[in-house]
Amino acid sequence: MSCSNHNIYQPKVAVLDEIRDEIKDVKTFFWHFENPEHTAAFRAFMPGQFAMVSVFGAGEIAISLPPSPTEDKLFFTTRQVGAVTGAMHALKPGDRFAVRGPYGNGFPMKDYEGRNLIVVAGGIGLIPLRSVIIYALHNRAKFGKIQVFYGSRTPLDLMYTENLKQWQEDKGFECYLTVDKAEGDWKGNVGVVGSLFKKPGVEMPVNNTTVFVCGPPIMFRFVLADLQQMGFKDENTVSTLERYMKCGVGKCGHCCIGVAYVCTDGPVFTLAQIRKLGEVI
Amino acid sequence: MRGRLIHKNDVLKIIDVLRENYRVVAPFEGRDRDSYFDDVTDANRDSVAIHVPNPYYPPKRYVFPHMQKLLRISDGDKPSIEDISREEKTAIFGLRSCDVGGIFHQDRFFLGNAFRDNYYEQLRNNLFIVNMACTDINRDIDDDCFCVCADGGPAAKDNFDLQLLDLHDDSGDFLAVAATPRGEALFAQPFFRPAAAAHLARRKAVLNEARKRFKTATSWYSAATKFITRGEVKDSAWKKVGDRCLECGGCSYVCPACTCFTVTDRPVGNNVFERVRVWDACALSGFTRMAGGHNPRKAVHDRRNRRFFRKLSHFFIQREFTMACVGCGRCVRVCHGDIGMPQVVEILRRETTASSRQEIA
Numbered sequence: 000m001s002c003s004n005h006n007i008y009q010p011k012v013a014v015l016d017e018i019r020d021e022i023k024d025v026k027t028f029f030w031h032f033e034n035p036e037h038t039a040a041f042r043a044f045m046p047g048q049f050a051m052v053s054v055f056g057a058g059e060i061a062i063s064l065p066p067s068p069t070e071d072k073l074f075f076t077t078r079q080v081g082a083v084t085g086a087m088h089a090l091k092p093g094d095r096f097a098v099r100g101p102y103g104n105g106f107p108m109k110d111y112e113g114r115n116l117i118v119v120a121g122g123i124g125l126i127p128l129r130s131v132i133i134y135a136l137h138n139r140a141k142f143g144k145i146q147v148f149y150g151s152r153t154p155l156d157l158m159y160t161e162n163l164k165q166w167q168e169d170k171g172f173e174c175y176l177t178v179d180k181a182e183g184d185w186k187g188n189v190g191v192v193g194s195l196f197k198k199p200g201v202e203m204p205v206n207n208t209t210v211f212v213c214g215p216p217i218m219f220r221f222v223l224a225d226l227q228q229m230g231f232k233d234e235n236t237v238s239t240l241e242r243y244m245k246c247g248v249g250k251c252g253h254c255c256i257g258v259a260y261v262c263t264d265g266p267v268f269t270l271a272q273i274r275k276l277g278e279v280i
Numbered sequence: 000m001r002g003r004l005i006h007k008n009d010v011l012k013i014i015d016v017l018r019e020n021y022r023v024v025a026p027f028e029g030r031d032r033d034s035y036f037d038d039v040t041d042a043n044r045d046s047v048a049i050h051v052p053n054p055y056y057p058p059k060r061y062v063f064p065h066m067q068k069l070l071r072i073s074d075g076d077k078p079s080i081e082d083i084s085r086e087e088k089t090a091i092f093g094l095r096s097c098d099v100g101g102i103f104h105q106d107r108f109f110l111g112n113a114f115r116d117n118y119y120e121q122l123r124n125n126l127f128i129v130n131m132a133c134t135d136i137n138r139d140i141d142d143d144c145f146c147v148c149a150d151g152g153p154a155a156k157d158n159f160d161l162q163l164l165d166l167h168d169d170s171g172d173f174l175a176v177a178a179t180p181r182g183e184a185l186f187a188q189p190f191f192r193p194a195a196a197a198h199l200a201r202r203k204a205v206l207n208e209a210r211k212r213f214k215t216a217t218s219w220y221s222a223a224t225k226f227i228t229r230g231e232v233k234d235s236a237w238k239k240v241g242d243r244c245l246e247c248g249g250c251s252y253v254c255p256a257c258t259c260f261t262v263t264d265r266p267v268g269n270n271v272f273e274r275v276r277v278w279d280a281c282a283l284s285g286f287t288r289m290a291g292g293h294n295p296r297k298a299v300h301d302r303r304n305r306r307f308f309r310k311l312s313h314f315f316i317q318r319e320f321t322m323a324c325v326g327c328g329r330c331v332r333v334c335h336g337d338i339g340m341p342q343v344v345e346i347l348r349r350e351t352t353a354s355s356r357q358e359i360a
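Just so you know, the sequences run in chain order H and P. Letter by letter, the first sequence follows residues 0 to 280 of numbering that gives the first Met the number 0. Letter by letter, the second sequence follows residues 0 to 360 of numbering that gives the first Met the number 0.
Bound conformation, chain P alone:
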């Protein structure tokens, strides 16, 4: 990896360069701490936010859209089934480190295993990632972030094209690091300047300072992974989690690592249908309901068990290289029942160790 310096007044010029070849999306600020990813246009280019709370609606949608058209089915005398995927080069500017990990997880899932998902592959191959390290302890990081526990932040280690890190000193410089040849190609732009060893030391110091900010939210995954993998979690623990679940599915819709979808055919004309895939959530009771009404996972705590088993069991961590949680804290913010990942990990730990203590006594 190579490092370069770029002044904060020049940072948005990266977007200008990328816009020559890509549709560029970047974070913008809404009211209060609300923020969102949107397409950069000439009109909004200057209001792209550098230090900003991570948007709720996860940017995984640029590789795995909320609703994606797959096929166009024309019925009639000569039926045809046509692939209607669109090829579009997209660059995400200001992707947080947790979401970089999220997209890596999606890569492992959709491009690995028995089948390669061609729709995902098409979007992913055309994706350029500019990662922004979370260094502003007031804007970038909040009380619900726990990427340090998930080993994904505050600065991603890999799986981006270009990474920017605010050095937070008087110079107003950012340190840019490239992880791919096409990221490095950007360094040919005149607004990048050479970096020195002192800047790398400064980077370390900034990240150390940022890491200290993570104190309220902690997620002791290793214990939970152990209990879940060994099947030691008591049903009472899942019941406790299930009792607090409102079955809204919000946790899955905001999760950058969730991959489940449903497929539906919708009419778009006379005897013409579009097959679309739409995000789905294992919290919803219809998720496993079969034709005829039999539902193998009817109870809400069984469905909650499912979510956390899928995310934390050792089997899947081995298969996808990472657990299906990146510590972004979105589920913590969205959950009305207060059972985001850290809370569930804590419930599992308490219930399991408490019951084993009873057994010993």
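Extracted from the complex, chain H is given alone in its bound form:
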């Protein structure tokens, strides 16, 4: 047993630069590490990975990484639901917190080169998938057809509105939006995400395609049923799972599903893998 001096639980101090409101209870936090070397090392992350974030006195939680490694800025987007996200939402620009990571397997984007990409997101499920979309658009020539289907409860619950606007104007790929309940001057589609698949003019290539699905459990179930009906294979459907996590490095045991530790074996799994884990999701 050789002694390793590396402390796997040691977070590094980060500085909060800017806070942006996304939707109700959801904010985006732009940040950088106090030590620029740490920022440089952290930037080697892949879409789909996550970080462990400490808010002093509140605790440490796992948060997915919405930025793409091809972007300049680092940020988190969280909904205010628990003790740590609550404390996080009370932070002000200039405040310090701490981050360690990146952790998890991430999406193997290199393996998807040459394939069509379909991104299906519901609500704040867009947070981890935003990274995939930005990454794919940055490397546009390496991928086939790219389609984004994004749904939320109301028009006010649509996230990353600046990106959505850009994406809808972008001719290089297709971006479809829907809301469960129209409000205000919404002129787009009304219905669940799956209703977009059957719209006239929408053609989803079944062959040579990877589908990314992320959203609340109920949306997840219905979208998977739709995809299966359309002929998408389980091994070509990928998602990132969310679990209670305390360590992020495969030790604390909280995130283990069947044979897999979500933090080290995941959080990205194909649907075929999820079905074989040995436990109901």
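Because the hints were derived from the structure by calculation, they are not lab data. No experiment lies behind these values; they were computed from the predicted model shown. Certain hints may be false.
Said to hold, decoys possible - Covered stretches of chain P (chain H as the covering partner; in silico rule of three or more C-beta atoms under 8 Å from a C-beta of chain H):
| hint | segment |
| --- | --- |
| 1 | 77-91 |
| 2 | 110-117 |
| 3 | 254-261 |
| 4 | 265-279 |
| 5 | 283-295 |
Note that the Cβ used here is the ideal one computed from N, Cα and C, for glycine as well.
With chain H held as given, fit chain P onto it using these hints.
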């Protein structure tokens, strides 16, 4: 491995030698069959128990403490996060063979896999293990022990520094075996004498006699492992186990092979916090509950399924080299619902074979 003889009157001298370099912990007897591990001091040195029922509170805490300080976080204008692990050389005297297996399992888990746990490593690298083979059929072994089924006892085969085995003959001698160079270094002490082939034969006979004592508790792991790994266990079997679970988490807290923990920040001063890790148990309903309230493993039988799947599925046995059960019998003693490992293994076997019999008929 080399063997030496040591007289029973000299056995505690090993502690004296170890105490020169280590903090030494050893088992002591409480009232009735109660026993506990404690630090050896000048005052209690003579009451260290040689043949003693294995203490409830597992000695895994000397490598994976019940509550362990990880970091000291100081908030303020210039926040700092400081590693507050302590380095301390500890020797466990009289560790039972099942617990030797337990620590080996912890080694595989904390030092293997994708990340090496530095806090565990620090304590483990500074740990000296003196294993006491369970040979006294009235004191060491009780009706709930089943280490023979787990292939871990009554005498550990490896993963200790020094092993002592009472030869139970008129000479009053113990046979000492070293498994590491630092264990063997102890043989330089004058109270160790050379052993002969006859002593090894006697060792075999003593262990054979001890093995016969294991008759009431049996755990037919292989069938349970097969059913669990193949996913053949019916939900009704887990419901049966779940119905008897009181969700106290006791089984995990006494288990020498359980590794789960939770992490919490506690205030220790003005804007100063300590990050500590504390043992956690998958029996508790909050174990998988996420912020916002969604709990993927809400039903108690799902949580029981989890415990035994983690301990017995072939996937994890392959990964950690051993199943996460060493047959110490603590969960049997602690469980108010009578669903310790052997009982669950039996429920799974009965329910699964009964339902497959129905299918055939």
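- Which hints, by number, does the structure contradict? none
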